[in-house]
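Model the placement of chain W on the given structure of chain D, informed by the hints.
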Amino acid sequence: DVKVTQSSRYLVKRTGEKVFLECVQDMDHENMFWYRQDPGLGLRLIYFSYDVKMKEKGDIPEGYSVSREKKERFSLILESASTNQTSMYLCASSDLLNTEAFFGQGTRLTVV
Amino acid sequence: AQSVTQLDSQVPVFEEAPVELRCNYSSSVSVYLFWYVQYPNQGLQLLLKYLSGSTLVKGINGFEAEFNKSQTSFHLRKPSVHISDTAEYFCAVSWNTGNQFYFGTGTSLTVIP
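The listed protein sequences correspond, in order, to chains D and W.
In this text, residue positions in the first sequence follow this note's numbering: the first is 1, and each later residue adds one.
In this text, residue positions in the second sequence follow this note's numbering: the first is 1, and each later residue adds one.
Only chain D is shown next, with the shape it has when bound in the complex (with noise of 0.2 Å):
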């Protein structure tokens, strides 16, 4: 069965702190993707990457950064957490192709 895993399910940070969130698949897929998700704006694309440490911004990158040292694992840091930054975030990997994403369960981090 295939997965896309990803470190917390939530998380509680204090504004300023700096967050990571990990993800890992085991499909060795090339591509890997960072999503934020609030209630009626959809998924927002923050940072993708088609190869180890290649990285490409999204739509809303700002106030992130990413790290793909390995081909299964893509990691998101907020380098100073702020309150709006509080949302839901949801890891995805896909081939080269992109003929599917898979999700991991998602990252509720709440910035306090």
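Treat the hints with caution; some may be incorrect.
What the hints assert, rightly or not - Simulated DEER-style distance windows between Cβ atoms:
1. W/L7 x D/T86: 27 to 33 Å
2. D/P39 x W/N61: 23 to 29 Å
3. D/T83 x W/S52: 44 to 50 Å
4. D/D28 x W/H82: 32 to 38 Å
Stated by the list, open to error - Pulled from the structure, derived: some chain W residues nowhere near chain D, Cβ distances all over 10 Å:
5. N24
6. T86
7. P113
To be verified - Calculated lysine-lysine pairs in the DSS-like style (CA-CA distance at most 30 Å, straight line):
8. D/K55 x D/K13
9. W/K49 x D/K70
10. D/K55 x W/K49
11. D/K57 x D/K3
12. W/K49 x D/K71
13. D/K57 x D/K71
14. D/K57 x W/K49
15. D/K55 x D/K70
16. W/K58 x W/K69
17. D/K18 x D/K57
18. D/K18 x D/K71
19. D/K3 x W/K49
20. D/K71 x D/K55
21. D/K13 x D/K3
22. D/K3 x D/K55
23. D/K71 x D/K3
24. D/K3 x W/K58
25. D/K3 x D/K53
Keep in mind the hints are simulated off the structure, nothing from the lab.
Backbone N, C-alpha and C fix where the C-beta goes; we use that ideal spot for every residue, glycine too.
Only chain W this time, still in chain D's reference frame:
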């Protein structure tokens, strides 16, 4: 710019009634089309996808969708809904000219007993 539009943000429907959730996108050139379902506090699960071939696509849980190239639409249908179909539904498109997925803003389907 590429875009995906889900015209209905909320759709209430009685149990055992038919339902159609609408999805339109900006260009039909070399597209892959998807419908995903999301239950509360979970990730997205694939319902069905169109990559090529027959324009009528059947998915899980009795859902189907039809690719209409001329109208750039990919509407999702189910002839008889159940309470368990209550969820958020997302249409998504992947264009061969790009390397990412584009999602609609979602449709909240509520099945009323």
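Hint check:
no.: 1; hint: W/L7 x D/T86: 27 to 33 Å; result: holds, 28 Å
no.: 2; hint: D/P39 x W/N61: 23 to 29 Å; result: holds, 24 Å
no.: 3; hint: D/T83 x W/S52: 44 to 50 Å; result: holds, 45 Å
no.: 4; hint: D/D28 x W/H82: 32 to 38 Å; result: holds, 36 Å
no.: 5; hint: N24; result: holds, 14 Å
no.: 6; hint: T86; result: holds, 16 Å
no.: 7; hint: P113; result: holds, 25 Å
no.: 8; hint: D/K55 x D/K13; result: holds, 26 Å
no.: 9; hint: W/K49 x D/K70; result: holds, 29 Å
no.: 10; hint: D/K55 x W/K49; result: holds, 26 Å
no.: 11; hint: D/K57 x D/K3; result: holds, 24 Å
no.: 12; hint: W/K49 x D/K71; result: holds, 25 Å
no.: 13; hint: D/K57 x D/K71; result: holds, 18 Å
no.: 14; hint: D/K57 x W/K49; result: holds, 26 Å
no.: 15; hint: D/K55 x D/K70; result: holds, 13 Å
no.: 16; hint: W/K58 x W/K69; result: holds, 17 Å
no.: 17; hint: D/K18 x D/K57; result: holds, 20 Å
no.: 18; hint: D/K18 x D/K71; result: holds, 23 Å
no.: 19; hint: D/K3 x W/K49; result: holds, 19 Å
no.: 20; hint: D/K71 x D/K55; result: holds, 12 Å
no.: 21; hint: D/K13 x D/K3; result: holds, 27 Å
no.: 22; hint: D/K3 x D/K55; result: holds, 22 Å
no.: 23; hint: D/K71 x D/K3; result: holds, 14 Å
no.: 24; hint: D/K3 x W/K58; result: holds, 23 Å
no.: 25; hint: D/K3 x D/K53; result: holds, 22 Å
Hint check: no violations occur; every hint is consistent with the structure.
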